[in-house]
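*Asks:* Listed here are the chains, written in short residue letters.
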Amino acid sequence: GENVEQHPSTLSVQEGDSAVIKCTYSDSASNYFPWYKQELGKGPQLIIDIRSNVGEKKDQRIAVTLNKTAKHFSLHITETQPEDSAVYFCAASPGRRALTFGSGTRLQVQP
Amino acid sequence: GAGVSQSPSNKVTEKGKDVELRCDPISGHTALYWYRQSLGQGLEFLIYFQGNSAPDKSGLPSDRFSAERTGGSVSTLTIQRTQQEDSAVYLCASSLGGQGGEQFFGPGTRLTVL
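Those protein sequence lines, which keep their order, are chains A and B. Take 1 as the starting number for the first sequence in my numbering and just add one per residue. Take 1001 as the starting number for the second sequence in my numbering and just add one per residue.
Please keep in mind that the hints were generated in silico from the structure rather than gathered at the bench. Here the structure is a predicted model, which means the values were calculated and not measured. Mixed in with the good hints there might be a few duds.
Said to hold, decoys possible - Partner residues aside, some chain B positions facing chain A, computed with beta carbon under 10 Å:
1) Gln1006
2) Ile1047
3) Arg1110
4) Leu1114
Claimed, not checked - Reference listing, derived: stretches of chain A covered by chain B, where coverage requires no fewer than 3 residues with Cβ under 8 Å from a Cβ of chain B:
5) 38-52
6) 97-105
Beta carbons: idealized from backbone N, C-alpha and C, even for Gly.
Only chain A is shown next, with the shape it has when bound in the complex (with noise of 0.2 Å):
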């Protein structure tokens, strides 16, 4: 089945750096790829996703990149605010199947 490696478990930045959360999955055949933001108490929301057919999407200040041909993804997430504080999962999946989630990611951000 899918596995898929998040990194990094923690990220401290100042307010207005960027942030980036890079994942990495085993099965070739997934080809969605959707970030999530999970606050205290939520449940997660979907923040952007990508389809295997596409390189790159960008909406606002936040950014996804997908290199099929080494299986890994990242979300860019530029000037960065205090609310962007959150745990940030990425998933994958081959498509009309459930989701395989990384381990998580949790970004501070400081004023």
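Following the hints, position chain B against chain A.
*Replies:* Using the frame of chain A, we list chain B on its own:
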């Protein structure tokens, strides 16, 4: 609201008791998923329902865990003879189905087994 709802929000039980956790998906979503999140950990897949197809039970950790989805809508996750290692947050998600659609998560049920 029109989001995924789960009940109860918190459940404390004694070791050996059975518990039932409920999930109300978004209306019209054909796919429903259960995940488990242990403290400080990622989400572990448990079971997946898609329309009228047989559920994918490959993530259930033992035969003490079961789930059903009645009428293609509400789902119940049952844990029999609970153990302390079952303590976790149980998250339900639903999606429109199809190829890798967005999964919308509920707030979860925090289960504590004493």
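*Asks:* Compare the structure with each hint and give your call.
*Replies:* Verification of the hints:
1. At a threshold of 10 Å, the smallest CB-CB gap from Gln1006 of chain B to chain A is about 8 Å, leaving the interface hint in force.
2. Here the hint on Ile1047 of chain B is kept, as its CB sits about 8 Å from the closest CB of chain A, short of 10 Å.
3. Among the interface hints, the one on Arg1110 of chain B holds; its C-beta lies about 9 Å from the nearest C-beta in chain A, closer than the 10 Å criterion.
4. Given hint, Leu1114 of chain B at the interface with chain A, is violated; its Cβ is 21 Å from that chain's nearest Cβ, farther than 10 Å.
5. By the rule of at least three residues with a Cβ nearer than 8 Å to a Cβ of chain B, the coverage given for the region 38-52 of chain A holds, with 8 such residues.
6. Here the region 97-105 of chain A counts 8 residues with a CB under 8 Å from a CB of chain B, which clears the bar of 3, and the coverage holds.
The structure does not agree with numbered hint 4 stated previously, though it agrees with all others.
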